[in-house]
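A.B. asks: All the letters of the sequence shown, read from the start, carry residue numbers 10 to 150 under the numbering used here.
Since the hints were derived computationally from the structure, they do not count as laboratory data.
Note that the structure is a prediction, hence the values are computed from the model and not measured.
Check each hint, because a few of them may be wrong.
Simulated restraints on C-beta separations [stated by the list, open to error]:
1. F20 - Q58: 38 to 48 Å
2. V83 - D34: 20 to 30 Å
3. I32 - T54: 36 to 46 Å
4. L19 - F103: 17 to 27 Å
5. F20 - E57: 45 to 55 Å
6. Y35 - Q81: 40 to 50 Å
7. Y36 - F80: 56 to 66 Å
Virtual Cβ for every residue (Gly too), placed ideally from N, Cα, C.
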Amino acid sequence: MPFLWGKSFLFLEHTAFSGILVIFDYYPLGEMVIFHFGLLSINETTCEQAKPANLKFDFKADYNMGRRNNFQQVFGWGLWLFPLNTTVEDGMHFQIRYCAATMTSPRKYHLVNAFSYVDPANQMRYKRVINDRLSRTVTGV
Numbered sequence: 010m011p012f013l014w015g016k017s018f019l020f021l022e023h024t025a026f027s028g029i030l031v032i033f034d035y036y037p038l039g040e041m042v043i044f045h046f047g048l049l050s051i052n053e054t055t056c057e058q059a060k061p062a063n064l065k066f067d068f069k070a071d072y073n074m075g076r077r078n079n080f081q082q083v084f085g086w087g088l089w090l091f092p093l094n095t096t097v098e099d100g101m102h103f104q105i106r107y108c109a110a111t112m113t114s115p116r117k118y119h120l121v122n123a124f125s126y127v128d129p130a131n132q133m134r135y136k137r138v139i140n141d142r143l144s145r146t147v148t149g150v
C-alpha cells in the first residue's frame, strides 16, 4: 500500500489546494473586476456610486457620456497599454452630462422645480441637489 501514499496523493493534495485557492481567491477578484467595469461603463467612482440617488439630480450619473466615450476618457484615445502621453485632458476638469430643462421623477421623491443646464457656469451650482420632503422642492447647492 505504500504506492497509494506516494506521488499520487501529493498530486491530489495540490489539486485540492488549487481548487480551494481558485474558489476563495479568484472568484471575489472576478466579481470585483465585473463591478468596476460596470462603474467604468457609467463613468462613476465607488464614492459617487455610494451617494444617495436623490443627490444625483435626475437619478443618473453626472459624468456618463456613453460606454465608448467613458472608456476613452479613462484610458485615453490611443495606445493606453504603452507608457505614452495619450490624454489631452489635465485631470482636473471633466465633461458633465447636461440634462433636459424640466425635471419630474416617477420615483419616491417628486421633483417639482425646473432647471436648465444651458449655461455651463450653472453645472457646478446644480450638481448637488437637496430634496426637501416637506415642501417637495429641489434647491441647488
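A.B. asks: It remains to establish, for every hint, whether it holds in the given structure.
C.D. replies: Going through the hints against the structure:
no.	hint	in the structure
1	F20 - Q58: 38 to 48 Å	holds (44 Å)
2	V83 - D34: 20 to 30 Å	holds (26 Å)
3	I32 - T54: 36 to 46 Å	violated (29 Å)
4	L19 - F103: 17 to 27 Å	violated (55 Å)
5	F20 - E57: 45 to 55 Å	holds (48 Å)
6	Y35 - Q81: 40 to 50 Å	violated (29 Å)
7	Y36 - F80: 56 to 66 Å	violated (25 Å)
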